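Model the placement of chain D on the given structure of chain R, informed by the hints.
2 protein chains.
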Amino acid sequence: MRVLGVDPGLTRCGVGVVEGVAGRPLTMIGVGVVRTPADAELSQRLLAVEQGIEQWLDEHRPQFVAVERVFSQHNVRTVMGTAQASAVAMLCAARRGIPVALHTPSEVKAAVTGSGRADKAQVGAMVTRLLRLDAPPKPADAADALALAICHIWRAPAQNRLQQAVALHASKGRTT
Amino acid sequence: MRVLGVDPGLTRCGVGVVEGVAGRPLTMIGVGVVRTPADAELSQRLLAVEQGIEQWLDEHRPQFVAVERVFSQHNVRTVMGTAQASAVAMLCAARRGIPVALHTPSEVKAAVTGSGRADKAQVGAMVTRLLRLDAPPKPADAADALALAICHIWRAPAQNRLQQAVALHASKGRTT
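Chains as they are written, first to last, in the working numbering: chain R, 1 to 176; chain D, 1 to 176.
The set of hints was computed from the structure by calculation and includes no laboratory data.
Computed footprint of chain D on chain R; a stretch qualifies when at least three of its residues, placed anywhere within it, have a C-beta under 8 Å from a C-beta of chain D:
id, segment
1, 45-53
2, 86-96
Derived Cβ-Cβ restraints for the label pairs, each shown as a range:
id, chain 1, residue 1, chain 2, residue 2, range
3, D, 154, R, 27, 56 to 64 Å
4, D, 54, R, 12, 22 to 30 Å
5, D, 39, R, 97, 18 to 26 Å
6, D, 24, R, 120, 51 to 59 Å
7, D, 119, R, 135, 57 to 65 Å
8, D, 25, R, 97, 45 to 53 Å
9, D, 154, R, 58, 41 to 49 Å
10, D, 96, R, 58, 18 to 26 Å
11, D, 55, R, 54, 18 to 26 Å
12, R, 97, D, 121, 38 to 46 Å
13, R, 121, D, 114, 52 to 60 Å
14, D, 96, R, 21, 38 to 46 Å
15, R, 12, D, 21, 38 to 46 Å
It should be emphasised that the depicted structure is a prediction, and the values quoted were computed from it without experimental measurement.
Beta carbons: idealized from backbone N, C-alpha and C, even for Gly.
In isolation and in its complexed conformation, chain R is listed as follows (with noise of 0.2 Å):
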């Protein structure tokens, strides 16, 4: 099972491959960021996003995508990039008809520290130790998305094998 995990940004998009079963040991496949401009036009940064993404979907051609679940409550200056490079993420794969899960922040935290609280040095230390890992991976939005990837991939198997019936019943389904 292959996960991209996606911490979704548009000065920043975390991305992050991960190989693996739950109860197993996981690989890392690759990790990086997608980074735009922060004085480019809106809509040339979500396109720079979406070639981004589309090139680690090309290079690593995962089964899921896991996308970190954006909340309106966060800081209200930078929620509206976030959630709107999350929708270009979750178009991506969507086109492809790879099934798509959310996750908050909170999950991911719990999946790989136990604790729903920890910190991001907490959450890059058990990234670093679960995917055996010389050093964390920098910068912290490369480690989140390995953390949700880890995240996805221990979580609910039998779900994902149902949403994935369902993403390739609807991709099927599409004209174009």
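Just chain D now, with coordinates in the frame of chain R:
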């Protein structure tokens, strides 16, 4: 000058195409609503919005796309979906090298009614008059999309030419 106005939303995304230049009578080319089922998965809804917008772009070939600027201080329960639908509309335009302009609701109201605090009925009445329609377009999202297109035609023609040049330059620089 042909403009596609988009009043973004996941449940109802208003779309309207208006042709004309500032200072001359305007013509409505088309109006409608892209709908997605409220019970579908978010990623599938975004995909349906994309398919709907793509159809409007294919059919009407606008030179500009005008999208309502979404503010986070609106109703927090719907603002995320609105932001995400607007991202899809902007992305569809940017992919084709069509310049995107964002106008605030009060800019649009002020442009078509003379008051930034006009209500829906007043906007609908003015859209009907300005486009010489028999009745106000329904639902309100459709009328709002036409108002956005009118607002765009009337605002800053010089800015539009500059934006078009920048978008053309950006689309030539793309690798995909």
